[in-house]
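Residue strings, one per chain:
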Amino acid sequence: MEKDDRFEMVGAAYRERKTVIRERGFWSWFKGKPIVATAVFVLILLGCVFAEFIINHDPSQFYLSNMNQAPNKEFYFGTDSMGRDIYSIIWHGGRASLLIGFLSTFILTVVGVIYGCVSGSTDSLGDNIMMRGVELIQSIPTLLMILLIISLMATQNVISISFVIGITAWFALARIVRSEVRQIRNSEYVLASRCMGSSFLYRMRKHLIPNFVSAIMFVVISSVATNIGMESTLSFLGLGLPIEVLSWGSMLALADRALLLNTWWVIVIPGAFLVVTLLCVTQIGHYFRQQTNRRPSNI
Amino acid sequence: MKVVCRSPWGRWTAFFLFIASGDFFVNMASIWRKLGRRLILFVFMLFLLSVIVFYVARLTPGDPLQSFFGDAMETMSTEQLDAARERLGLTGPIYLQYGHWIAKVFKGDFGLSLRYKKPVSEVVGPLLGNTLILGTTAYALVFIFSIVLAIVCVRYEDRFIDKLICRLGTTAFYIPAFWLGVVLVLLFSVNLRWLPSSGAYGLGKAGDVIDRVKHLIMPLAVMILSHLWYYGYMIRNKLLDEVRRDYVLLARAKGLGKTEVLIKHCFRNVLPTIVSIMAISIPHVLSGTYVAEAVFNYPGIGLLAVNSAKYHDYNLLMVMVLITGAVVILAGMTAQFVNEIIDPRMKELDEVLIKVSD
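Protein chains in written order, with my numbering: chain A, 10 to 308; chain B, 406 to 763.
Next comes chain B alone, as it looks inside the complex (with noise of 0.2 Å):
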């Protein structure tokens, strides 16, 4: 029976009637639930990592006494080593290690860097904000970037314009980030002299805003067109495949313009696929971030990172590896949670995303 509710309160009342059926709290507790297992599953994936990360560390020749001591070791006592290594938890079997460390961890308290002799987060700490500027706007740069060409692309496609930003997509892609990098800096800052090579800000102008952004602006190109088309050549593909779907023909017969057809029907279609290829897209960014920081010297966690490993400081490099791995798991399980609520057929997304990625 079809109850057709002509009141102004009508519609509260359904409202209210469907709270009160049950049918919203039953909604609410599979969500609840659902929340639930992906909380346990993203604690014992970090569990897992964490495992991994410092089995691999621990069980890897090498003495981490001569990273943190160097040249100093030789000249110390047998009791000068047994405490420093009681000091750094490298006694006992590794299991129990590893719950020292794990333990320590829950208190905030990383462990010591081998190469700064400070605390990790004292470390990683203030370097955290420039990354976050530079790998946050790249980000959404190579993202909004990315969508245009796209959307450009599949417009004229197969036409000239088409044809040439593939082509140069693919090269630019192809091109190393870092000799990217170095090419931007001998032209327009060592022979123009119009951007700075290198840092984040120039010295003594922390807080200008101008002087920040003169010296993002090469780190960001050569984040751009490293990554660009890698996204840009998925989306095109995506829209491809939507564009020839029956939905298209009716709005193109109803009289809709070609443009209109793609931005405000396609587009919006392929869009949960979007949210998902930018959650997936996160280690590959921030591996982006790393080579730009080192190309420029900008200090940030990716310079620090590759300082790091020149100084075989994998203490540091542990916690920054279980970091990153927390931050990309949970975009992760949240892009998914967040579609599976939108769109529930983004279940089989998983092996879409494997044949766009190939």
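Extracted from the complex, chain A is given alone in its bound form (with noise of 0.2 Å):
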């Protein structure tokens, strides 16, 4: 058929339909899944894991004689105020951080999936009851209440610091799970299973998990950043772990000192893994989040 310039397609919603044939090879298996952020994140996790292999010097050693270098041949990226070498920390550190965020990630699903589905399931009053309880809490700045019981605390070590984060985390996440839960509670299969009298366990393993997992699998994986970006944050203040305990977050501590000398890569370095870092879980993250189909615009 000619095209006739006098006749045009208009509509808020017209687009030209064509069909794309799909070339089924290697590559197209990749084709929008974050592989880039994989490849980085996997390589500084790996890095982490098998520090020993790769550092050039002892991580807690103070080189006395060699502090506050720049970046050289012996030294890659550098020495710290303390004479310590920060290619060796920033591997053997990741493993502290990387840690905290697999730990407190995973203290706050259970507490938050847990709660979210008793929220869920229980009756109107029950459930008004603790999520009024978790808005309550959730008033009052995350932060300000890590700072308050790491202010009844003694010095933090790994385990605790994931405790805390993860503790003071899963309010958003018990509220998603909340949701997803009241929407399939009333569904036959569920109905059908409370009849045969299984108990709240069995049906939320067997019933609940599997129909929200994939709504907070997003929440989930970018709580993994959070918290690592937590963990560095309280780790600078002073308040998470101490300078002894290898993180990149007590590395970034010295940053202070660092200002004083003028040593950017103290400063700069750790801090760039650090990001990265974070944002390769965000973006492996992102891959999760639930695609909205929306409509064409109207405008």
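Simulated from the structure, these hints should not be mistaken for laboratory data.
Note that this is a predicted model, so its numbers are computed, not measured.
Where is the CB? At the ideal position from N, CA and C, for every residue including glycine.
Do not take every clue at face value.
[Stated by the list, open to error] Quick look at which bits of chain B chain A covers, simulated, 3 or more residues with Cβ under 8 Å:
| hint | region |
| --- | --- |
| 1 | 449-461 |
| 2 | 582-595 |
| 3 | 620-632 |
| 4 | 653-667 |
| 5 | 718-732 |
From these two lone chains plus the hints, build me the complex, please.
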């Protein structure tokens, strides 16, 4: 059919439809998946796990004759004001940072999912009370809550700080889980399962969690990034891990001294590692974000 | 029957009739009743919050006397210690302790700061103004910028500029605020020497407005960059849903311009949601002031809170939690109340907000 210039297809939703023939190949599998982010993250992860094989100095050793060295051949990323090799600390400290990220995410997921499931499954009074409780605690800034808890505790270690971060971060997740559970709790299969006398835990494991796991995937993965960031913030403020316990945050706690000495590498290099890790994790999380199918815009 | 009043007094007559008929008072009464219910709920929530905070503080291991006296405690006699316990309200069962404490709070006595050995109100009071300046300015700027960015994004949806803003915004949001602050200091005050690196004002320049503004620039930049896209993205998504409504098509068909429809119609419809988002965002923005103040050594309550945590001064932190909680709960309730009067559909907003924020 010949195209006539006098007749132009118009309309809000008009788009030319084209048949796209899919090329099936090895690379098509990767399409739309966050390959670069995953690759970089895996590299960092492997580097931290096998830190012993790639470091060239003892991370906790003070090389007192080599303080505040700019990056050079011996110290790849330079040394800090205590004479420690930054290159080695980054790989070693990454272990603590990543471990805290994963551990606190595990804690917040367990607490949030259980709380959300219970709240979503009980009657409306119990649900109301539980949700008002969450709202009440959410009215306090997270950081202030963490500060209060930390002021009550002795010196932190990796486990305790994961606990503090995890226990103050599950509220948003619980609310999402609860709203998902409320949508599926009256489905036939859940009712059938209840009629057959299944326990709450069984129902949660077999019917509820598999149905909302895709909805919370994004929140859970990006909270790994948030938690790693929170740990470094706390350590930077001098409230998290002490400087002897190596992590990305406790390295950056030396930033004040680095500012006085104007040694940029102490600040920029560990921070860059931190930021790259956070961005990779977020990117991976975004892949799991549920695609909202939007109609074409009216504007 | 339809009554049409043409005389200039007609409108007033109608108004007085409306009041005299009682409809007006019925409306007012229901508003008062609602307000009363909210007030009771507010007091109850504060009470609950104070109980939780107090119990958490008292039941965790660690001797409060230790943080009050420090190493001096070892040289003190048992009688002295007992007297000190009495003075700090640490004797008796915990619910009695709570009773004493709350009774004092009602008289305006929040107890002693364990670190400064001064009443908490004296410690917090002078710093409040500084934080208020920083917090409210950042709060206002964050929302102004995020609304502007959201409108730009929706206007050019799926174009290059939209994608660019989305990408940059997400990146900025996930960069830790403290690191951003340190890098800014490294760049602008250590190397370029354009801006001061710490404090709220220079030595002896407390009244100098320009000096204060100079000290505010970097903390504000950090706060704005780290909060901007969190809210910008929420507003963008709400607007994207809004431009898919049918009235937009009608307005476009009538010949209104894209930007005009977007700002005059869609944005207005999203406004109540933005008000609610602004109300629930207060704790988040407050968290931001804490980090910004700590990085830039800005003398405000955020820096005070961080230092108090370092010195285990939980008495002060407890009061700060309560004050913050009260402000936030009050703001949330006000926003909800105002919105419900303006637009009764807002009762279901809670669900919407959860979906937006995830």
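Against the structure, the hints:
1. 449-461: holds (count 6)
2. 582-595: holds (count 8)
3. 620-632: violated (count 0)
4. 653-667: holds (count 6)
5. 718-732: holds (count 8)
This entry does not satisfy hint 3, going by the numbered hints stated previously; all others are met.
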